[in-house]
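With these hints in hand, go ahead and build the complete structure from the sequences.
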Amino acid sequence: MDQLLLKLEDHFEEMVIIRRYLHEHPEVSHEEVHTPAYIADFHRELGLEVREYVGGRGVVATLRGARPGKTVALRADFDALAIQELNDLPYKSKNDGVMHACGHDGHTATLLVLAKVLVGMREQLSGNIVFIHQHAEEIAPGGALAMIEDGCLNDVDVIFGTHLWAPTPLGEVLVKDGAIMAAADRFEIVIQGKGGHGAEPQHSVDAIVVGAHFVTQVQTITSRRIAPLQSGVVTIGQFEAINPFNVIADTVKIQGTVRALDEQVRKQIKEEIELLLKATCLGMHATYSYQYFDGYPPVVNHEEQTKFIAKVAEQTSGVEKVTECPPFMIGEDYGYYMQHIPGTFFFTGAKDPLWETVYPHHHAKFDFDERAMLIAAKVLGRAALEFLEND
Numbered sequence: 001m002d003q004l005l006l007k008l009e010d011h012f013e014e015m016v017i018i019r020r021y022l023h024e025h026p027e028v029s030h031e032e033v034h035t036p037a038y039i040a041d042f043h044r045e046l047g048l049e050v051r052e053y054v055g056g057r058g059v060v061a062t063l064r065g066a067r068p069g070k071t072v073a074l075r076a077d078f079d080a081l082a083i084q085e086l087n088d089l090p091y092k093s094k095n096d097g098v099m100h101a102c103g104h105d106g107h108t109a110t111l112l113v114l115a116k117v118l119v120g121m122r123e124q125l126s127g128n129i130v131f132i133h134q135h136a137e138e139i140a141p142g143g144a145l146a147m148i149e150d151g152c153l154n155d156v157d158v159i160f161g162t163h164l165w166a167p168t169p170l171g172e173v174l175v176k177d178g179a180i181m182a183a184a185d186r187f188e189i190v191i192q193g194k195g196g197h198g199a200e201p202q203h204s205v206d207a208i209v210v211g212a213h214f215v216t217q218v219q220t221i222t223s224r225r226i227a228p229l230q231s232g233v234v235t236i237g238q239f240e241a242i243n244p245f246n247v248i249a250d251t252v253k254i255q256g257t258v259r260a261l262d263e264q265v266r267k268q269i270k271e272e273i274e275l276l277l278k279a280t281c282l283g284m285h286a287t288y289s290y291q292y293f294d295g296y297p298p299v300v301n302h303e304e305q306t307k308f309i310a311k312v313a314e315q316t317s318g319v320e321k322v323t324e325c326p327p328f329m330i331g332e333d334y335g336y337y338m339q340h341i342p343g344t345f346f347f348t349g350a351k352d353p354l355w356e357t358v359y360p361h362h363h364a365k366f367d368f369d370e371r372a373m374l375i376a377a378k379v380l381g382r383a384a385l386e387f388l389e390n391d
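For the sequence shown, position 368 matches number 368 in the working numbering, and the numbering has no gaps at all.
Hints were generated in silico from the structure; no laboratory data involved. Fair warning: this is a prediction, and the values are worked out from it, not measured in the lab. Just to be clear, a hint being listed does not mean it is correct.
[To be verified] Computed cross-link-like contacts, SDA-like style, restricted to lysine to any residue with a CA-CA straight-line distance of at most 20 Å: (1) Lys253 <-> Ser231; (2) Lys307 <-> Pro326; (3) Lys253 <-> Lys307; (4) Lys351 <-> Asp88; (5) Lys278 <-> Gly256; (6) Lys270 <-> Ile221; (7) Lys267 <-> Ser289; (8) Lys267 <-> Gly295; (9) Lys253 <-> Glu263.
[As the list claims (entries may be wrong)] The following label-pair restraints were derived from C-beta to C-beta distances: (10) Lys70 <-> Lys278: 50 to 56 Å; (11) Arg225 <-> Arg122: 51 to 57 Å; (12) Gln339 <-> Met1: 50 to 56 Å; (13) Gln3 <-> Gln255: 31 to 37 Å; (14) Arg225 <-> Pro141: 24 to 30 Å; (15) Cys325 <-> Gln202: 52 to 58 Å; (16) Glu314 <-> Ala82: 34 to 40 Å; (17) Asp10 <-> Asn154: 32 to 38 Å; (18) Ala279 <-> Glu149: 38 to 44 Å; (19) Pro90 <-> Gly283: 55 to 61 Å; (20) Arg122 <-> Glu31: 31 to 37 Å.
Glycine included, each C-beta is placed from N, C-alpha and C at the ideal position.
Below, the structure written as structure tokens:
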């Protein structure tokens, strides 16, 4: 174990170089070409078994130990976002309108260098380590489910993953048994009224007024229909009715998102939205269409693996604090993996203690303390080795 940690420290600069290279060359979800090729070439040079185009654009590399044993999987995502970077950095994105604004470049660099170090320890390994490099995490339907269907979890006994988390201080690791991240769904609504002259509302059905009533009332779903100790979010992100100032709107288009930690709550919110929409439109003489798109499921950590990763983190150099965190209402398709095999997902603090301003994930000025990659690699590497050693 000491050998692993020391070698990772020796390779930290390489980790930084890889991360910055990837940061300069981001690719958005479902359009990744250069990135998966780079990842596959890196693993091939290490002598690992490599599968490309897994579930579309994913890459899976397998390190087989000198002795038989169980198999542990480690996962990192590698897609970027359609955001114009505003950071003034020497490794600023060179792809106009595309940016690694969530840390996936760091996730990839972490896993690649960890693989390089573990390859040098092959003769000491009993069992196998599978490195899952996932495409398209940012945009549903994502890459995880397609990769699973294409066999990335075949013969895998357990899976571990982490997210570099800029709001949390460097040196702190966040763990949570059960639901740690929410389901993330989307809905689209069209309210059909009857347009007309702005001076003669009695001859029209104002779609804007109907939509406004619905938007105001929809918040009562989480405040009055969902139990107070359960979590749910309904957010309207788009309300579109483009008309001249003196014209009553014929049509309104509404889009939003639903977040829930529990599948039953998720189902209830979906049904309550349509009930409220139906009642509002009926009472105001409008009609509607309603489409609901299931996104990622909640990320539900397994108890045994969560306790295991917490213990591993506590024993890892660089980790100053392990905290049981409340769940986050953001979404992640990592939850699909744990619907199939045991595992856990944790957050690695990546806030530079000297920063006065921390820009959130998905912001055009997002960045993270690169030392967090080393901590993440140590925790993931130690978890993999201890799992295989304790077989």
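### Task
List in ascending order the numbers of the hints, as given earlier, that are violated by the structure.
Violated: hints 1, 3, 9, 12, 13.
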